[in-house]
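Under our numbering, read the sequence shown as residues 7 to 92, first letter to last.
By construction, these hints were calculated from the structure, which means they are not laboratory data.
Some clues are possibly wrong.
Label-pair distances were calculated between CB atoms; the ranges are [unchecked claim]: (1) Arg16 - Pro44: 32 to 42 angstroms; (2) Ala42 - Gln69: 16 to 26 angstroms; (3) Trp38 - Leu65: 27 to 37 angstroms; (4) Asn12 - Pro41: 42 to 52 angstroms; (5) Leu18 - Leu73: 28 to 38 angstroms; (6) Phe13 - Trp38: 14 to 24 angstroms; (7) Ser43 - Gln8: 16 to 26 angstroms; (8) Leu74 - Leu46: 35 to 45 angstroms; (9) Met7 - Asp68: 31 to 41 angstroms; (10) Ala42 - Lys67: 17 to 27 angstroms.
Heads up, simulated DMTMM-like pairs for lysine to aspartate or glutamate below, C-alpha to C-alpha not over 20 angstroms straight-line [to be verified]: (11) Lys67 - Glu22; (12) Lys19 - Asp68; (13) Lys66 - Glu22.
For every residue, glycine included, the Cβ atom is placed at its ideal position computed from N, Cα and C.
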Amino acid sequence: MQNINNFIYRHLKTLEMVGVSMRIISFTLVSWLGPASPFLFVWIFNTFDAILLSWCSVLKKDQAYTLLNVFWILVGIIGIVRAAGF
């Protein structure tokens with residue numbers, strides 16, 4: 007686990023930019039395709055970026071950003087469950 011944290015520390019700004027870009031891509035996809043969006047893919051993609059951004063914010067000790075992204079993880083899990091038809 008320490009090796010992963012060290013990797014994230016070394017590449018923090020890049021990983022945050024990747025996570026934010028992923029979030030923009032997922033919401034852009036839904037905006038453009040509307041009801042034809044691949045919702046399960048979008049929710050999985052969006053949840054993954056929330057996990058990445060949460061990890062970065064925990065390491066930075068940024069409580070507000072951590073809360074926001076943990077919230078998005080929970081929303082993503084609900085979205086995945088609903089999109090999968092459970």
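Results of checking the hints against the structure:
The supplied range of 32 to 42 angstroms is met by Arg16 and Pro44, whose beta-carbon atoms lie about 33 angstroms from each other. Look at Ala42 against Gln69: about 38 angstroms separates their beta carbons, and that is not inside 16 to 26 angstroms. Range check, Trp38 to Leu65: Cβ separation about 33 angstroms, and the 27 to 37 angstroms hint holds. Under the hint 42 to 52 angstroms, the C-beta atoms of Asn12 and Pro41, about 43 angstroms apart, fit the expected range.
Taken as a hint, the range 28 to 38 angstroms is violated for the pair Leu18 and Leu73, whose Cβ atoms sit roughly 19 angstroms apart. Separation of Phe13 from Trp38 is about 33 angstroms and departs from the stated range, judged on CB atoms against 14 to 24 angstroms. Taking 16 to 26 angstroms as the suggested C-beta distance range, the pair Ser43 and Gln8 does not conform, at roughly 39 angstroms. Between Leu74 and Leu46 the beta carbon distance is about 23 angstroms. The supplied range of 35 to 45 angstroms is therefore violated.
One distance hint, 31 to 41 angstroms for the beta-carbon pair Met7 and Asp68, is violated here, with the actual separation near 20 angstroms. Taking the beta carbon of each, Ala42 and Lys67 are about 41 angstroms apart, not inside 17 to 27 angstroms as hinted. Using a Cα cut-off of 20 angstroms, the hinted pair Lys67 and Glu22 holds, with the two alpha carbons roughly 14 angstroms apart. At most 20 angstroms may separate the alpha-carbon atoms for a hinted pair to count; Lys19 and Asp68 meet this at roughly 14 angstroms.
For a cut-off of 20 angstroms, the pair hint linking Lys66 to Glu22 stands: about 11 angstroms separates their Cα positions.
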